[in-house]
Every structure is written in C-alpha cells, then in structure tokens.
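A.B. asks: Sequences are here, hints too, so could you generate the full structure?
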Amino acid sequence: DTGVSQDPRHKITKRGQNVTFRCDPISEHNRLYWYRQTLGQGPEFLTYFQNEAQLEKSRLLSDRFSAERPKGSFSTLEIQRTEQGDSAMYLCASSFDPRGGYTFGSGTRLTVV
Amino acid sequence: TQLLEQSPQFLSIQEGENLTVYCNSSSVFSSLQWYRQEPGEGPVLLVTVVTGGEVKKLKRLTFQFGDARKDSSLHITAAQPGDTGLYLCAGPDAGNNRKLIWGLGTSLAVNP
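Those protein sequences? They're chains A and B, same order as listed. Under this note's numbering, the first residue of the first sequence carries the number 1, and numbering increases by one thereafter. Under this note's numbering, the first residue of the second sequence carries the number 1, and numbering increases by one thereafter.
Don't read these hints as lab results, they were simulated from the structure. If you're wondering where the values come from, they're calculated on a predicted model, not measured in any experiment. Glycine included, C-beta positions come from ideal geometry on N, C-alpha and C. Heads up, a few of these hints could be off.
[To be verified] So, partial list: chain B residues that the calculated Cβ filter (under 8 Å) puts toward chain A:
#1 30
#2 31
#3 33
#4 41
#5 43
#6 45
#7 88
#8 92
#9 97
#10 98
#11 100
#12 102
#13 104
#14 105
[What the hints assert, rightly or not] Partner residues aside, some chain A positions facing chain B, computed with beta carbon under 10 Å:
#15 37
#16 41
#17 48
#18 55
#19 92
#20 100
C.D. replies: This is how it looks when you write it as structure tokens:
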C-alpha cells in the first residue's frame, strides 16, 4: 500500500462546469475525510465517511458538493456548476483511529477560470 | 468553540539556527498532532502527543505537550533547508472527535 492517492493532481475548469475528484485511501483505514485548503489557511473540513456511510457533512458545503464512498473503499467528490470561489486544494485523508493522526493524499488543485 | 493559535505565523531563518514554534489554546485537548506541509502537497503527520508534559524527539525536532494539555511546542535544532514548509498543529474536537481542529500554521523558510 503506497498511501492515500488522489486523482487528478491538478484540474482547470471553466466556471459552470462539473468536476469529480477521486481518492483511494489506505486499505486498512475505515475512516475517510475530505478537506479543502486555500492559501495561508489550515485545512477546512468538508465531509467524513466511516466505511461507506457518510456520517458528517460540513454546513459550509453547498448543495453543489456531493461525496460518495460506494463500497467503503475509494471515494469521489463532485462539484457541480463550479464557481471561482471553489478554487482551492482539495485534500483527502484516511485514518484507522483519528486520535493517532491522519494520512493525507497529495491533494487535487482546482482552478476555476 | 475550541481554537488552536499558532505563532509565529511566518519565520525566516538561516541554516544552522534553532527555532521554536507554538500551538496554543484556551481549551484542553486530549491529544495534539503536528504536521508538515510542503507547497503543493498534503500535510504529513510528524508526531502525536497524548500525555500532559510529554516530550517526543524526532531527530532534530523536539515536540512538547503542555502539562495542562492546552498547548504544544515544536523546537528545531540546527535547521536545514529541507525543514522548510508549513507546520500545522491539530487536535480532536472535544464535541466531535471524528473531526480535527486545525491551527493556521507557521510558515518556515530556512535559507542556505
């Protein structure tokens, strides 16, 4: 297992288009998190899965954002009708016990033009 | 609301110097984690401190958890350019330990 993988690493899209990101967590980790990070800020929580169940979704997320983890393995994050304010680094992390820390992927850098 | 405040926000030093960065809160945390993030990459976990007063060493990095578990520090001895990055502290949200509360980070630049 080579860690948490995210695809793509970079995405440039026009405003109004839909985008989808993929995350493959560490296989032994049953917890998966999506975060968003903008320059100069710490990671901002978006949503959390335990196995295939989405247990929490940030109130900051609009209805344009949706995430799935259909078989409790990989996860996807979709943003519909992208806006310039969606431009950010989208980070995926997984853990077995969050008290022990998270393993992050390298992130997907989204630029909306 | 639990907050983690990190200081300084920015630090630029010469290779070989020592430095300390801080992570402070008015709230008690069950544990604190330190991460280092390089530009364009995700954060990488360096250490987790759990016990008040705990000191952990990772080569030239020394992490300390305050006795009251409200603060932590990271000391780097003889900094090297490879130490350059954003240092983030994070701790479990007491009201929802599925989530971490994050500081804004200390951006460190070590100049050769």
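A.B. asks: All the hints need checking, so say for each whether the structure fits it.
C.D. replies: Here is what the structure says about each hint:
Hint on residue 30/B holds. Least Cβ distance to chain A is approximately 7 Å, under the 8 Å limit. Annotation: residue 31/B was flagged as interfacial toward chain A, and the flag holds, the nearest CB pair being 6 Å apart, inside 8 Å. Using the Cβ-Cβ criterion of 8 Å, the hint placing residue 33/B at the interface with chain A is satisfied: the shortest such distance is roughly 5 Å. The restraint placing residue 41/B at the interface with chain A holds, with a minimum CB-CB distance near 5 Å, inside the 8 Å limit.
With 8 Å as the threshold, the beta carbon of residue 43/B comes within range of chain A, its nearest partner Cβ sitting at about 5 Å, so the hint holds. Annotation: residue 45/B was flagged as interfacial toward chain A, and the flag holds, the nearest CB pair being 4 Å apart, inside 8 Å. A cut of 8 Å between beta carbons decides the hint on residue 88/B: the least distance to chain A is about 6 Å, and the hint holds. Below 8 Å, beta-carbon pairs count as interface contacts, and residue 92/B has one with chain A at about 6 Å; its hint therefore holds.
Of the supplied interface hints, the one on residue 97/B holds, with its beta-carbon coming within about 7 Å of a beta-carbon of chain A, less than 8 Å. The beta carbon of residue 98/B comes within 6 Å of a beta carbon in chain A, closer than 8 Å, and the hint placing it at the interface holds. Contact between residue 100/B and chain A, as hinted, is supported at the beta carbon level, the nearest pair being about 7 Å apart and thus within 8 Å. Residue-level restraint check for residue 102/B holds (minimum Cβ-Cβ distance to chain A is 4 Å; threshold 8 Å).
The interface hint given for residue 104/B holds, since its Cβ lies 5 Å from the closest Cβ of chain A, which is under the 8 Å cut-off. Evaluation of the residue 105/B hint against chain A yields a held restraint, the C-beta minimum of about 6 Å falling below 8 Å. Because the beta carbon of residue 37/A sits about 9 Å from the nearest beta carbon in chain B, less than 10 Å, this interface hint is met. A hinted interface residue such as residue 41/A counts as satisfied when its beta carbon comes closer than 10 Å to some beta carbon of chain B; here the least separation is about 6 Å, so the hint holds.
With a cut of 10 Å, the hint placing residue 48/A at the interface with chain B holds, because the nearest CB-to-CB distance is about 6 Å. For the restraint placing residue 55/A at the interface with chain B, the shortest Cβ-Cβ distance is roughly 7 Å, inside the 10 Å limit, so the hint holds. For residue 92/A, the suggested interface contact is upheld, since its CB lies about 8 Å from the closest CB of chain B, less than 10 Å. At about 6 Å, the closest approach between the beta carbon of residue 100/A and any beta carbon in chain B falls short of 10 Å, and the interface hint on this residue holds.
Taken one by one, the earlier hints all hold for this structure without exception.
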